[in-house]
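K.L.:
All chains, full assembly: derive it from the sequences and hints.
Offset between the sequence shown (1-based) and this note's numbering: plus 11.
You may find that some hints are simply not true.
Said to hold, decoys possible - Computed cross-link-like contacts, SDA-like style, restricted to lysine to any residue with a CA-CA straight-line distance of at most 25 Å:
1. Lys41 <-> Tyr91
2. Lys50 <-> Glu65
3. Lys41 <-> Glu111
4. Lys24 <-> Val112
5. Lys74 <-> Asp35
6. Lys74 <-> Thr86
7. Lys24 <-> Tyr96
8. Lys59 <-> Ser104
9. Lys44 <-> Arg60
10. Lys41 <-> Lys74
11. Lys42 <-> Phe27
12. Lys44 <-> Val71
13. Lys41 <-> Thr113
14. Lys24 <-> Gln38
15. Lys44 <-> Gln61
16. Lys42 <-> Thr92
Just so you know, these hints were derived from the structure itself, not from any lab.
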Amino acid sequence: SLVIRRNINVGDKYTFVNIGTALDFIQHAKKYKYELLAKVRGLDNITKRQVILEGSIYDVILKPHKGIFSLLIDTGGIIYTIGGYRAFIEDISAQEVTIEVTDPIQDYLSKNSNLQ
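P.N.:
Have a look at this one:
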């Protein structure tokens with residue numbers, strides 16, 4: 012699906028079941044300086060247990076010609092690597108990725124409450 016700037020709204024959540032599509036969306040939103048939070052539901056590749064991770068987007072690694080589709084999420088000091096279905100190099104094999112678009116100004120003010 013085609014995502015253009017006017018389709019991205021602060022406060023909205025976008026859910027993806029394909030990691031490549033999620034990464035495309037994230038790169039597009041980051042290009043326009045949107046702040047993004049991620050919630051990932053998937054399998055831990057070591058324990059094979061279902062996990063849910065929430066955090067801020069740290070980085071995106073998208074190299075389709077090499078088959079690399081990875082999302083890095085900072086959950087508050089721990090950075091996890093997220094891959095798609097059947098990922099084995101990354102920490103988590105994602106089944107669903109939800110991206111929430113947040114307001115960077117409000118985020119900044121809430122972290123620096125002495126400025127309000």
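K.L.:
Hint by hint, note whether the structure agrees.
P.N.:
Do the hints match the structure? See the list:
A threshold of 25 Å between alpha carbons decides the hint, and for Lys41 with Tyr91 the separation of about 19 Å falls inside it, so the pair holds. The suggested pairing of Lys50 with Glu65 holds, with an alpha-carbon distance near 4 Å, which does not exceed 25 Å. Distance check on the hinted pair: Lys41 and Glu111 sit about 12 Å apart at the alpha-carbon level, within 25 Å; holds. Simply put, Lys24 and Val112 have alpha-carbon atoms about 6 Å apart, close enough for the 25 Å limit, and the pair holds.
Between Lys74 and Asp35, the direct Cα distance comes to roughly 11 Å. Compliance with the 25 Å bound is thereby established for this hinted pair. Distance check on the hinted pair: Lys74 and Thr86 sit about 24 Å apart at the alpha-carbon level, within 25 Å; holds. The hinted pair formed by Lys24 and Tyr96 meets the criterion: a straight-line CA distance of about 21 Å does not exceed 25 Å. The straight-line distance between the Cα atoms of Lys59 and Ser104 is roughly 9 Å, inside the 25 Å bound, and the hint therefore holds.
At most 25 Å may separate the alpha-carbon atoms for a hinted pair to count; Lys44 and Arg60 exceed this at roughly 34 Å. Restraint check for Lys41 and Lys74: the C-alpha separation of about 17 Å stays at or below 25 Å, so the hint holds. Distance restraint check for Lys42 and Phe27: the Cα-Cα separation of roughly 19 Å lies within the 25 Å cut-off, and the hinted pair is therefore satisfied. About 14 Å separates the Cα atoms of Lys44 and Val71, which keeps this hinted pair within 25 Å; it holds.
Between Lys41 and Thr113, the direct Cα distance comes to roughly 12 Å. Compliance with the 25 Å bound is thereby established for this hinted pair. The hinted pair formed by Lys24 and Gln38 meets the criterion: a straight-line CA distance of about 15 Å does not exceed 25 Å. For the hint linking Lys44 to Gln61, the alpha-carbon distance of about 32 Å lies beyond 25 Å, and the restraint is violated. Distance check on the hinted pair: Lys42 and Thr92 sit about 21 Å apart at the alpha-carbon level, within 25 Å; holds.
Checked against the numbered hints above, the structure breaks hints 9, 15 and satisfies the rest.
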